[in-house]
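Each chain is listed here by its residues.
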Amino acid sequence: MKRLAIALLLVTGLSTLALSTVDAPAQERVRLTGSGASFPFPLYSAWFKSFSGKQATISVDYQAKGSGAGIQDFINKTVDFAASDAAMTDEEIAKVPGGVQLVPLTGGEIALAYNVAGVKGLKLPRDVYSGIFLGKITKWSDPKIKAANPGLTLPDQDITVVRRADSSGTTFVFTTHLAAISEEWKKGPGVGTTVKWPASDKFVASPKNDGVAATLRQTPGSIGYVEYAFGKFSKMEMALLQNKSGQFVAPGGKGGEEALASVKLPADLRGWLPDPEGAQAYPIATYTWLLLYKKNSDPKKAAALRELVDYCLTEGQKMSAQMGYIPLPESVSATVRKAAASVQ
Amino acid sequence: MSIVLEGARSPDSVATDPSSWDVLADRLFRGLAKAAAALILLLLAFILWQIGRRAWPGILEYGVGFLTSTTWDVGRGHFGILPAIWGTIYSSFLALLIGGFFGVVMAIFLTQDFLPPRLAVVFRTTVELLAAIPSVVYGLWGIFFVVPAIRPTANWLYEHFGGIPIFGSTLSGPGLLPAALVLAIMILPTVAAVSQDALRQVPYRVKEAAYGMGTTRWEAILRVMLPTAATGIFGALVLGFGRALGETMALAMLIGNSNQLSLSLFSPANTLAALLALNFPEAGPREVQVLMYAALVLLAITLLVNIAGGMIMNFATRSIRK
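Protein chains in written order, with our numbering: chain A, 1 to 344; chain B, 1 to 322.
So here's chain A without its partners, still in its complex pose (with noise of 0.2 Å):
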């Protein structure tokens, strides 16, 4: 009996040591939470991964909630850092005390995916698309899509259009550039998370990626657009788009950093691209950003973001195009390293 209450303690003594020893490194530990776009969520998630992975001392968690939702979050103080495809405004800035430092990280690009059956590299030229998108062009057979596609084989068959029903970064994205190519469209639906869409049976809105992914695979004679990352998975036909030099580009190609790179960036490092110059850019393109804020509480936190955005724009970069996004074009990052500095 004594003997058994000796080894107990003795047990319990050691498991105790053991514990604590073990214990004792994570208590160091700094956890950045950060939440917003969904747009570049799948490589983010990865970075991130990976970056705490390598770190023994940070660790990050980031929630895809969408870029309003994480600037809210930002605005209201809940997180170390946000993510946004649609940058932040002026307004939204000043909300903002110590001020905002915005962080281009990567680039995405926006493709048309498609189903109509037998055909492959559809062209679309820029009055096409956009004809379609505000209903004015509805069947696969029209004239001018002929024109365009004299190798094909087109269906006499009625064009469904898939839109986001959820209001998305991707909408303000895609309706950024038709806004730019279509005077119609400007003043018609017009720019902006969600926008209103013409009336007809032949448009039909499915929530996030997935959603507008399903319904166009079940949907013969449909047409939507979609993160290029999201139709690269999912294996989906994308149209080669025109772009403003009148040359038909496919996405995931060099075409996205060509169009990245024809848009000098201003201080705040807020560059729109609505509708890139060079010949080979693809046209519908973005930054996505990081918001971090200039005057951080903690120091340890700040110098955990500095080497995080260190870390995406060194090592990460070589994780962006295999996933489908645009790495950041030599002179940008550099530039971007710069300012990363004023996070303090």
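Accuracy of the hints is not assured; some may be wrong.
Here are some, though not all, of the chain A residues that point toward chain B, as calculated from beta-carbon distances under 7 Å [unchecked claim]: (1) D166; (2) K196; (3) A214; (4) T219.
Think of the hints as simulated: they come from the structure by calculation, not from any bench. For glycine and all other residues, C-beta sits at the position ideal for the given N, C-alpha and C.
Assemble the complex: chain A is given as a structure, and chain B must be docked to it using the hints.
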């Protein structure tokens, strides 16, 4: 006989007056029950106040026009929910028509001795399992199965009977009919389970009496059992309708979310619940006000349906008792 039983208390009876502990326990339990009931009312009032407070600026700004306008344009600040109200009621009504019919028929089938009891239990559990499937799964199933399955029939109907308003457009993908069909399956377990309870509560003697009077089986079911259980069955239908009004995710995936007023079963439409769920995450402060207003409208519709249901139910029981 009855005179002996009534009030008879022999000196050696086991019955005693309630002890003070019994009285206390009774009071305590009664108080607890009352508090729980009051809490439900308070909770509802709190929810209403919370939503109402946030919706108030929107109500002041848009007023009744909000209920009758058909545009939803965030960029220009035009908000109207008539198509969503219409879509909510239309889709729920269709679902009730289909799901209600099958639910009640199923309840009759499972309670009126058509099946050996053991088999009936298997069927009952299977129907109840339908209630355990998540809404998103129903939505995906709708997109991948229901839509392709009904498309040929829908387009045939449009080609041959396109003149009739309910067949007035082609079904391209998501739309009112697939949404209503999936919704019907979703409310089926509710309707079937509550109707079964109602039918089972009718004493067996009633049915035996009907048989004794020489009715056939179907006469006994349709003329005696159903009217006697009518109140409960009606309650089941109201519950089902309520569930259909509030259903969100499956509808958001299937209805097409298009702000249109159309009688056609194949057109895309919109519902209030879907509108709320899809627009909240990225809504700006101004949009939140109108979304709260829309939430109030949805609450009001559900409340009205329940009150109307209760009134019809009362009326029905009274006419049966006569």
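Going down the list of hints, with the structure as the test:
The interface hint given for D166(A) holds, since its Cβ lies 4 Å from the closest Cβ of chain B, which is under the 7 Å cut-off. For K196(A), the shortest C-beta to C-beta distance to chain B is roughly 4 Å, which falls under 7 Å, so the interface hint holds. Proximity of A214(A) to chain B holds as hinted, the smallest CB-CB distance being about 5 Å (cut-off 7 Å). Taken as an interface hint, T219(A) checks out: its beta carbon lies about 4 Å from the nearest beta carbon of chain B, inside 7 Å.
This entry satisfies every hint, going by the numbered hints stated previously.
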